[in-house]
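J.: Here is how the chains run, residue by residue.
2 protein chains.
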Amino acid sequence: MRMLLISNSTNYKEPYMQWCAPLIGGFLKQAKTAGDGIIFIPYAGVKIGGKDLPASYDVYEERVKTALAPLGLEIKSIHHFGDPVKAVNEAKAIMVGGGNTFHLVSEIHKNKLIEPVRRKIMEGAPYIGWSAGSNVACPRLCTTNDMPIVMPESFKCFDLIPFQINPHFTDPYPQEINDALRHGGESRQDRIDEFLTVNPQITVAGLREASALWVEDCAVTLKGSRDMRVMRHGKPAVEIKPESKFDFAFQKK
Amino acid sequence: MRMLLISNSTNYKEPYMQWCAPLIGGFLKQAKTAGDGIIFIPYAGVKIGGKDLPASYDVYEERVKTALAPLGLEIKSIHHFGDPVKAVNEAKAIMVGGGNTFHLVSEIHKNKLIEPVRRKIMEGAPYIGWSAGSNVACPRLCTTNDMPIVMPESFKCFDLIPFQINPHFTDPYPQEINDALRHGGESRQDRIDEFLTVNPQITVAGLREASALWVEDCAVTLKGSRDMRVMRHGKPAVEIKPESKFDFAFQKK
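Line by line, the protein sequences give chains W and F. The numbering used here numbers the first residue of the first sequence as 1 and each following residue consecutively. The numbering used here numbers the first residue of the second sequence as 1 and each following residue consecutively.
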């Protein structure tokens with residue numbers, strides 16, 4: 001299994017996908033994937049460039065194509081295919097973009113893609129996801145930060161890793177920012193603690209912006225410039241350093 | 001129908017329920033509800049005072065009781081009743097607290113309370129909700145800001161008003177705050193625009209902190225100190241001033 005699970009496509013005030021494009025290039029090179037045959041799943045992009053669906057998917061595909069063209073990658077969005085299952089079955093790699101996780105999961109189920117994508121990746125095709133696209137590599141969508149704009153048939157996702165990722169993980173705001181905003185409300189850690197209360201058996205990886213998980217078989221390496229926060233029910237959180245290598249239970253490899 | 005739909009229980013750095021307790025008192029006084037017979041639905045409170053369920057419900061009930069005791073109100077949490085439907089049927093008023101909307105909706109469905117609460121309120125019993133508790137007065141949970149820690153049987157809610165409330169509505173952060181956080185990501189308006197793209201038939205009321213909707217039959221009055229933002233698909237947003245009175249289509253009364 002080869003997966004690149006990216007927290008966020010774009011860092012603050014940087015051009016689109018600038019920080020992660022080299023990572024994607026390196027990942028596909030190591031996977032010896034030719035540049036063609038990459039299927040892009042745009043279902044999370046419900047309002048890209050201010051466009052409603054389905055035009056939003058076209059804008060999304062174009063934006064990703066443009067960002068990745070310098071790497072010699074050719075991607076084709078699945079919304080152009082009459083038979084999305086066949087498109088997945090014939091793909092050389094799968095790429096899932098960010099946006100609204102609920103819409104993404106809803107459309108994945110409607111198009112009956114859970115099993116085909118899962119099988120494809122388990123059989124060795126590389127998987128690249130960012131934000132919502134990383135979230136759906138997990139067992140369920142339960143640790144998304146997105147608004148539930150639509151009810152999916154199920155919260156079940158591709159279930160390629162045994163833990164949940166919380167993309168765009170944020171630390172509590174400093175006091176001066178809270179004072180400026182005068183807005184109460186819980187921290188991300190509080191929200192994840194709520195998740196862990198109801199789902200005590202599963203671990204949550206808080207993936208901060210500008211970081212990614214590089215998965216090769218059962219070995220995971222944290223890429224990027226920031227620590228990752230590993231949260232479990234009833235245990236203190238643990239921070240993992242960039243370039244650490246660990247297994248699916250977060251034990252050092 | 002008499003409803004008080006509050007954005008948030010507690011303003012930044014104020015004691016618990018300080019800002020909204022007088023509003024609740026005035027609302028129940030006008031509804032001529034005696035202080036007893038108020039049933040509290042605590043299902044959104046999955047981790048109150050750091051406690052796991054079900055202890056969390058006890059802590060939640062105690063916290064609300066203490067905050068509202070000076071008003072002479074006696075509330076009893078529904079989790080003490082063997083038959084929650086009977087408890088609703090015999091209640092004089094229903095109060096629904098904030099927390100995690102997904103857990104709230106999940107438990108409301110599990111306990112088969114949608115129809116009993118709906119009927120009770122349609123028949124005239126006062127309804128008081130804050131945050132998640134205001135969200136569930138709407139047709140669906142789709143405009144919550146919460147993490148989907150559990151999948152409810154359905155996103156359907158009490159459907160007592162024909163529009164969606166987004167509680168804790170926030171405006172985009174000022175540039176200096178974005179710069180300090182260096183965190184990208186969409187504004188609340190962006191998220192609601194995504195909702196409206198997929199659900200263009202329904203209106204969203206962005207209820208800022210320290211504000212509430214006071215509903216008497218089909219007349220709604222905005223209470224509190226801040227404007228409310230009314231958002232519709234393909235139309236410019238409209239701001240409504242405190243003490244304005246309007247109908248369910250946001251037309252002035």
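Source of the hints: derived by calculation from the structure; they are not laboratory data. Fair warning: there could be bad hints in the mix.
Any copy will do: because identical chains look the same in the list, a pair fits if it lies in one copy or spans two.
Derived pair list, reagent style DSSO-like, types lysine-lysine, alpha-carbon separation capped at 30 Å [to be verified]:
1) 235 / 13
2) 13 / 253
3) 156 / 112
4) 51 / 245
5) 51 / 253
6) 156 / 51
7) 156 / 110
8) 13 / 156
9) 252 / 86
10) 92 / 13
Please read all numbers here as calculations on a predicted model, not as lab measurements.
J.: All hints, please: hold or fail.
T.: Hint check results:
no.: 1; hint: 235 / 13; result: between (36 Å within a copy, 29 Å between copies)
no.: 2; hint: 13 / 253; result: neither (35 Å within a copy, 45 Å between copies)
no.: 3; hint: 156 / 112; result: both (12 Å within a copy, 24 Å between copies)
no.: 4; hint: 51 / 245; result: neither (41 Å within a copy, 34 Å between copies)
no.: 5; hint: 51 / 253; result: neither (45 Å within a copy, 35 Å between copies)
no.: 6; hint: 156 / 51; result: both (28 Å within a copy, 28 Å between copies)
no.: 7; hint: 156 / 110; result: both (12 Å within a copy, 20 Å between copies)
no.: 8; hint: 13 / 156; result: neither (34 Å within a copy, 39 Å between copies)
no.: 9; hint: 252 / 86; result: neither (39 Å within a copy, 54 Å between copies)
no.: 10; hint: 92 / 13; result: neither (32 Å within a copy, 54 Å between copies)
When held up to the earlier numbered hints, the structure conflicts with 2, 4, 5, 8, 9 and 10 and fits the remainder.
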